[in-house]
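Visitor: Single-letter residue listing:
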Amino acid sequence: MMGQSEKLQKIAAEALEQGQVTMVLGWCKKDFWWQAPVAFITDPASAARLVWDPFTVYNPVKYLLDNHHCHEKIGVFVKGCDSRAVNRLLQDRRLEREKVVLFGVPCDGKTDAAKIKAAFPGRKISAVSRVDEKLLVDTDSGTETLPAAGYLLDKCQTCRHPNPVVYDVLAWEKVEPRPGVDDARFVRVAAVEQKELEERYAYWLRQFDRCLRCFACRNVCAACNCRTCIFDQAEPRWIGKASDLADTLNYQIIRAFHVAGRCFECGECERVCPADIPLQELNRKLIKDINEYFGEYEAGLDPNDKPPLGTYRGEDPAGFDES
Amino acid sequence: MKRIGVFLCWCGSNIAATVDIEETMAAARKMPGVVYVDHNKYTCSEIGQAMIREAIAAHRLDRVVIGSCSPRMHENTFRKTVEAAGLNPFYLEIANIREQCSWVHKDKLTATEKAISLIRTAVAKAARSEPLFSTEMSIERRALVIGGGIAGIQAALDIADAGFEVDLVEKEPSIGGRMAQLDKTFPTLDCSACILTPKMVDVAQHGNINLITYSEVEKVEGFVGNFTVTIRNRARSVDMEKCTGCGDCYAKCPSKVDSEFEMGLAKRRAIYTPFPQAVPNKPAIDRANCRYFTSGKCKVCQKVCPAGAIDYEQQDQLVEKKYGAIVVATGFDTHKLDNYGEYAYGKHPDVITSLEFERLVNASGPTGGKILRPSNGQPPKNVAFIQCVGSRDKAKGNPYCAKICCMYTAKHAILLSEKVPGANAFVFYIDVRTPGKDYEEFYNRAYEECGATYIRGNVSKVFPDGDKLVVRSVDALSGALVELVVDMVVLATSVDARADARELAQKLSITTNAYNFFNEAHPKLRPVETQTAGVFLAGACQGPKDIPDTVAQASAAAVKVVSLLNKESLLSNPTVAEVDIKLCSGDMSCLAVCPYGAIAEKFIEERHGREIRKRRVAEVNTALCQGCGACTVACRPGAINLKGFTNEQILAEVDAICL
Amino acid sequence: MKVTTDKINSNLIKEVEEVSGQKVSACFQCAKCTGGCPVVWAMDVYPHQILRYAQLGLADELLNSKTLWICASCQTCDSRCPREVDIPKVIEALRLVLLRARGGNYLHPNNLPARVLENAPQQGLVSAFRKYAR
Amino acid sequence: MSVKPEGFEPLIVAFCCNWCSYAGADLAGTSRMAYPTNVRIIRVPCSSRVNPSFIIRAFQRGADAVLVAGCHPGDCHYHSGNFFTRRRFTVLKQMLEYMGIEPERFQVRWISGSEGAKFASVMNNITAEVKSLGPNRKLRDAR
Amino acid sequence: MKKIAKTKLVELWRQLASETGLYLPIASDGVVNFARWQEGAEVDLEALNTLLPAKKFFFPQTETVLKYSFSDDLVLEDCAGKAGEALCLFGARPCEVASFSMLDRVFLGEPVDEAYRRRRELTTVIALGCNDPDETCFCGSFDIDPGKAPGADVLATDTGDELVLVAQSAKGEELLSLLNGVLEEATSGDENKVKDAQEKAKAKLPPAPPAGGLMEKLDGMFEDSYWDLLYQRCIACGTCTYICPTCHCFDIQEYPTGSRGERIRCWDSCMYADFTQMAGGHNPRPTQKERVRQRFMHKLNYFPRQHGEYACVGCGRCVRKCPVNLDILEVIKDLGGAV
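Protein chains in written order, with the working numbering: chain A, 23 to 345; chain B, 10 to 668; chain C, 2 to 135; chain D, 156 to 298; chain E, 27 to 365.
Same shape as in the complex, but just chain A (with noise of 0.2 Å):
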């Protein structure tokens, strides 16, 4: 029986023979037994650089906006939150569907490299796979399995739609969601919610004081797709280029307003904080006011619908004193 990653290199392959794309984004191993990023396949004998393993976590739907220009289609391979990162570019018509071959991977979820280094401390790991619910973790001295559960990335653990949600070919059966994902989404904030005052702000100085304002969280994020995001401009200048902590207080809270009633919860912003920000707690604040506030809405799902604060209903409630 073929592996997944052989499937996705036969799709990747067999599209490029045929000419149906000229490019296709999927995921390559590095040195590193952690490290699977994505990787840009032209040529029908590069895809079987293409992998699938417990570390493709990266989204490659944002590269597109660098790449569409350049080629007649390209081909994507999209996990849930990556197929909703296309719907994202779709609704803020910064792609053309027909522009994607999308290629769907269900996925069950991503695994934590730091929580697999510290299940094994002082051991050198040389390749972690993974075998339905369990993980294989090779090391320096014999070959360890876990369960898979236990070593998901945090943002995984509340995934709602592992299966792409939009997709022209599916590498394989489509999976069934976690188990108690719709409870575990909201819990965090509401952790914060339950702090008082006080608490709360010196919470988020503490979070953002270590904030280097190096823009990964940003960057990386489908839904800031700005051509020139407004905190790179010189003129006006909305906020400081230095790191100051209101400068930065600024720029979060903005930023976090930006992708409101647009944040399709990948999560990826707080992967990649290299601060450990907890970000998602802010994105998640904004998201669970929306859907209490104006009703239930989950961006990227639908690419025809208005984003809940460029639309509005004349008899919603507001959050202030509107007596």
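Since the hints were made in silico from the structure, they are not lab data.
The list that follows gives simulated cross-link-like pairs (lysine-lysine, DSBU-like), each with its CA atoms no further than 30 Å apart:
hint: 1; chain 1: E; residue 1: Lys197; chain 2: E; residue 2: Lys108
hint: 2; chain 1: E; residue 1: Lys226; chain 2: A; residue 2: Lys146
hint: 3; chain 1: C; residue 1: Lys24; chain 2: B; residue 2: Lys405
hint: 4; chain 1: A; residue 1: Lys52; chain 2: E; residue 2: Lys243
Just a sample of chain A residues kept apart from chain E, beta carbon distances all over 10 Å, derived:
hint: 5; residue: Gln40
hint: 6; residue: Arg115
hint: 7; residue: Asp130
hint: 8; residue: Lys156
hint: 9; residue: Gly172
hint: 10; residue: Arg182
hint: 11; residue: His183
hint: 12; residue: Asn185
hint: 13; residue: Trp194
hint: 14; residue: Phe208
hint: 15; residue: Pro258
hint: 16; residue: Tyr315
hint: 17; residue: Asp324
hint: 18; residue: Ala340
Backbone N, C-alpha and C define an ideal beta-carbon position, used for all residues, glycine too.
Chain A is fixed; fit chains B, C, D and E onto it per the hints.
Guide: Chains B, C, D and E only, in chain A's frame:
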């Protein structure tokens, strides 16, 4: 660096008494970019304006800040001033140091501090102002008048006489409105119908007036000079082309319902014209009460119609029309008396409202002009008139004075004495208000010549006693308790805004006051205009008004419309949105929030190395853009900006305030 | 009866307004209160006159009037007043002003027999202390 | 976070739409309805012109409170602007509270052109509320 | 040579902090950064590298270089001459210490950066030798010994239950002498333990790709198609440059507030679109390709051409933190010799 001139206005003592002008000037001199500071007792006067013009020339000023009254007051005046001195009119900024400073603060120290801050903010904004230019827009040289009462009729006739086409939209099957219901009019006692009916006929026959009855305004889009209005022509069920107005249909119609025109004192048919002099004199079927429409059987009118004009299949039609100007003349409703149980209205047939009384007096009314008690058809001997019913009552009614009741009650007393010789009129009042030409004399006539007894006391209770009514009050002047036994009680009901006034205001983007009367742009200086350019007011929709005032306002509104439609073209609002295509991502978030459809997508071509790429960007139609700025916030990269209120300017204002 | 500047400026109105919470100056003398008052036949000063006297500061005329003790607080006037003046409250305030001005301190908790304390309704006690004790 | 020095006079930045709330402020003026000097008005055409960035900027630069005032829903001079305002600032206000900013610091109110008295009373209230909270240090620039 | 039991370290820090500002790797919400020590601080000497490199102590992320105000006259206040405080940096890893000498070449070369010089002089560095290098460490490529830190004032080595401290400069001697009360004299046995630890660490270091010859190879590669492929993955965040101990590009910004203002110097990043963008809008590095090339060419070609050593110390931060796994190790492997 800009060369900014700051001019402070004393406004007599209005500003100078509370804001230390000297100190404010000293502070202004130190503000970045300020090269000249001066002051004047009345900057809006010719002397004050000349001072600004001269200073611009003498000191090569390129931006002007005036600390004075609200920009809503004199912004246009001062824009013209700086324009006359050769500057772009939008190089002017006004710091509102009167309405928002000297008039609301008492302490001179802190008020001065605030005035300085307001000047600093205006200087910061002015330093970032750009020259703005209007573009010329065509005008749709037609007017819409909403409401076919005397206000609408007068406005329509005046506009039409000036040579412009007018559409007159009326909700009822006929024009005429409230005035058509009245018998005589004060203070001359002309017959209402005698003076109104000819005007109604004029409307019908005027080549420039297009009468659209049984219709309502559904939607209003566009802006001054270029409104697009959707009108709902309600299904009349009568083909207006075929109908000859013979009246056979309503003579035979078997359904009888209370006549609205007769205030329920008489019946009309389901197919009806509201009154005999109706214009157009063609009936409509009231489908809610029509046997055919409610039970599917009848069709009597169709059978008897000699012209074959009855059309049960008619549907409401939505018609879209373009106008350059709109006159709103939708009139008033009479106050509902649900809160006034003490007057026994609705419980006893001889307690009637003033408008019902008008119908009783009217020769074409239900009694043929005889004043008869509804209970027994006998003429009343004693009649009590109660004023201020629902007016001047902040507890249960309207806190305002309805303005017309004193006069019409005097008229009623006079009419009673004429129509029922020997009858006694008792008028219960709080105050009698008669400002108006010949009004006091008219009121004097009521009690001097016609024998009306005026009692200064509000009636506390009316209750039946046998076939009579007991009216209980006190004569506050003598201190005597009053208990009258009368045959009829007439309630001078207050004037309300139309029940659907707010809905219409929202469609027109005009505002209302707390009681839903439409707001004029300025209570004294712009009494017939609204805050929405091109929309004008006439009559009681703006506030309680009698016929002379209504007609005067209607003609005034007509003049405003005519002067607007007479223009070759209009200058567009230059404070419109503008797209920086460098920054525009083309995601069209702006388009989603634009209420005017003023944003469209366009594709531009850009060179990337050797290849040419097409890219979507937003484009603003400056003729349609009204400058609200909603798009600027929807645009995440800040690619769309609002001229005159740019991001740079507002951020500079924030910085200047918080400094 | 004579109105002088001193009278109009007297503290009585202020005191009555403060105690009653009513705006005496709001009355525009429509007299609807008097017209509907069920016990007006027994009054020497009519309700609308009470308000007028208060507006004019006619303290003696007010405080000597029988009306203060005749008003039954039935609220008929109040329910019809177009100016939202609760006249019974104004009259009650006048009564309190009068009683307090008399200076008597009739009630002391210690002097109340236990029998009374046991059986008297609380509301009655509160009211009694409000009126007859300082 | 807040210290309450004696005689603290808060700085309140108010964004007022030209057609309703700015007119309401003018009406308060023509009616001589007094309110404290702490508030500074920035005139915008419509409350929908107010960018959340302006609000954060005001806090950064030292505002103790920010008010956005517009026409009542349905009365917008531009038909629908304040409906967007309502959604945007419902979201922003909840977020600021979630981040630990006192709710009194950022307020949104509907004040029509005929509500001069309401304008004055809103100004009185917000000034009193912020006075009792003390100066705002949150979100504020270090320099 | 001195030593101290690891259980008594808090006493050492307490003593040090009473003498000078003490900064060491402290964990907050699980993230380790150099932070000022205070009672109860969660010091983490096991952490391999802090999130932000120690360069921030000499070359802060943001610093005010000038203040000005004008009401009647313009008044200037130079801030650079007053910069810095006396402090002790405890626990800098050898790679980190190696980076200081690279930064010195930039900031202490003519014209001397006065603020940097002051901060550098006011700081005493206590390095902490590595015992357990990570799989991502490649200091070996640049001949840095993970157990030794020649540029430090004091070298500390973890010998199991104790920390052995060796002064390597006069400043170091002086510092240790202040700590006599808490330190014990080390023995020759301890000296052996240190050597042993250093050797073990070196042995544990993953095989490092040789960097030799890279500079010459890159001379001809400015227009190479290699960069066309390499940059594709880059998302243009500034993570690698901000966490890099040797990156030192900065930008100057004005912060005017009415009649006052400040001039600020802050870290810049060649990953950002506005890097080297000129006032008129032109940018000689218009796309991410040029910017990615700039980063690696600077570290591996321009800098060594100018200063004689590579501007990389192999700390591995970029390898671990790059959100898309694009790092200098990959470039060295691609262009240099095999592992």
